[in-house]
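J.: Below are the chains, spelled out letter by letter.
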Amino acid sequence: MSSGTATRGGLVERAARRTVLFVAALGLAAVAWELYKAIGPEQGGDIFGWRIIPKTNDRVMPHVWEMLAEFGDPAIGSGDQKVWSVLLGYSWFTFRMALAGLVVGTAIGVGLAVFMARLRVVERGLLPYLVISQTIPLIALAPQVTVIRGTLGLPQWTSAVALAAFLSFFPITVSTLRGLQSVPKASLELMDSYAAGWWTTLVKLRFPSAIPYMVPGLKLAATAAVIGVIVTEITLGGLRGVGFATIDYSQKVTSQPASVYAAVFAAAALGLFMFGLVVLSEAFMMRNRPRETT
Amino acid sequence: MTETSEQTGQAPVDHAVEVVTASMVFNEGGSARVAALDAVDLVVEPGDFVSLIGPSGCGKSTLLRLIANLLDPTSGEVRVNGKSAAQARLDQDYGMAFQKSGLFDWRTVAKNIELPLELKGWDKRRRAVRVSEMLELVKLPDRGANMPWELSGGQQQRIAIARALASHPPLLLMDEPFGALDEMTREHMQSELLQICAATDTTVVFVTHSIPEAVYLSDRVVVMSAGPGRITDTIDVDLGGARDEETREDDAFYKKITEVREALRGSEMATGARGIEDR
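Residue numbers (my numbering), protein chains in the order written: chain A, 1 to 294; chain B, 1 to 279.
Chain A extracted, bound-state conformation:
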């Protein structure tokens, strides 16, 4: 049924409002950081003997402008490249891996969901194992993946893609399955009355009605894919992305305390970028759908 508040447009306005809010929140966080640094105790503080109050010295809490200035510094061991350009290169690597992982994870996730929606038995048998699979720490899994990759003779980066896919398929599976099973009974009867087969019903009815359910799953999956790649980079050597940068730069924390934050910012920005891509694809997938404005 249509709701009186459904609107078709407003996408651009909503995007603009979100961007403004995001920048404002970022500014507030920077102000709060500097404020605490100004009034907090230099060497931290104890409450009932526990060291809880964070130190505000320059090593632990560098000034916001120092962190930003770090991006313009020459990167050690990278010729005459600046930090920002090195980090950009790392981010590009991680991004490609995460995107590949997301694509593979989505394909597997949707495939599993369709399989489970088709056969109840499969859902009952498989779903618990999928849940268990997500409780395995990635760090424990990474070496196994490397061994398998080695025996298959695949290049090293495939480990990162595999682990990103491993993290991202699960939210896709759960959300897609939910969507495929949430079709109104009358719509199913309608397709039945046309003598439409299971596959036709899937393509014409179940899949399109599952899309609104899949979007939140895709958002989770996108950020999970980035985490998957970063953890792989940290756990296994030889992959040069933002995960590697975080470890590499943290070794310079004594001489350049702000450099770690530069790497962390790069990782965060990458996660946001992935998220933004998903929001864009959401706008595409949900075009022409009724939207409840709240």
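By construction, these hints were calculated from the structure, which means they are not laboratory data. Beta carbons are placed, not taken as given, at the ideal position from N, Cα and C, and that holds for glycine.
Only pairs whose alpha carbons sit at most 25 Å apart, straight line, appear in this in silico DSS-like list of lysine-lysine:
| id | chain 1 | residue 1 | chain 2 | residue 2 |
| --- | --- | --- | --- | --- |
| 1 | A | K204 | B | K124 |
| 2 | B | K111 | B | K124 |
| 3 | A | K185 | B | K100 |
| 4 | A | K252 | A | K37 |
| 5 | B | K120 | A | K204 |
| 6 | B | K120 | B | K83 |
| 7 | A | K55 | A | K252 |
| 8 | A | K185 | B | K120 |
| 9 | B | K139 | B | K100 |
| 10 | A | K37 | A | K55 |
| 11 | B | K111 | A | K185 |
| 12 | A | K204 | B | K100 |
| 13 | B | K111 | A | K204 |
| 14 | B | K120 | B | K100 |
| 15 | B | K139 | B | K124 |
| 16 | B | K111 | B | K139 |
| 17 | A | K185 | A | K204 |
| 18 | B | K100 | B | K111 |
| 19 | A | K252 | A | K82 |
Away from chain B, derived, C-beta distances all over 10 Å, residues of chain A:
| id | residue |
| --- | --- |
| 20 | L35 |
| 21 | M61 |
| 22 | W84 |
| 23 | S85 |
| 24 | L127 |
| 25 | I132 |
| 26 | P137 |
| 27 | G237 |
| 28 | T246 |
| 29 | S255 |
Add chain B to chain A, keeping to what the hints say.
T.: Frame of chain A, contents of chain B only:
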């Protein structure tokens, strides 16, 4: 405007619908066993408008679903256009409309009407011609490019009827299609439906729980009772001549309403069932 050659290649002696001692039991053998229908017989001739009316749980929707072959009877036989109900479904011999319009949110109005034609494998041009024909028929010629949720409830229901009739099926099965509409829209839609059926020569089996609706629309009102679902009475409705808004003021109309109400009371006395609208 209709391609009659396509409608029925059947011999004229065939009934549009023939239900022979059909019974339907849900959860047979279980503790929650429900006898939804018990040995029901029903014959609908081509061109007839037949309403099924009765209290909740009398099996009127179940009977409709047996005719549509969305359910198989536990025992008995259902034939549509002289074929088995299963074959009639495969041949798309009927169109169906539900209480909720059930239009697909992600398709334009035109694309919604096209759906049954698409599934029949019609090419794009032929579909487009038929869609504009159907939009004309339900008096919404400019709404093809709209999304369903941009239309009012009554308009959505008209599109659902257009979809049901798009492939020109000889039979239209309707399950309380106007149940969710307000009273004014509802009366308006009833008149529209009669015009559409007259124009397309369609046989209709119509489930409702509104007595005036059943009387206004039907050539015959089939009264059902619950526990187990049975047909208790069949009332012919001859209001003389074409039905229009004036019909609703006629004495003959009121007499029929009273007759149907009394028939329903008779079955209600036996079962103590509720759920009939007097409006």
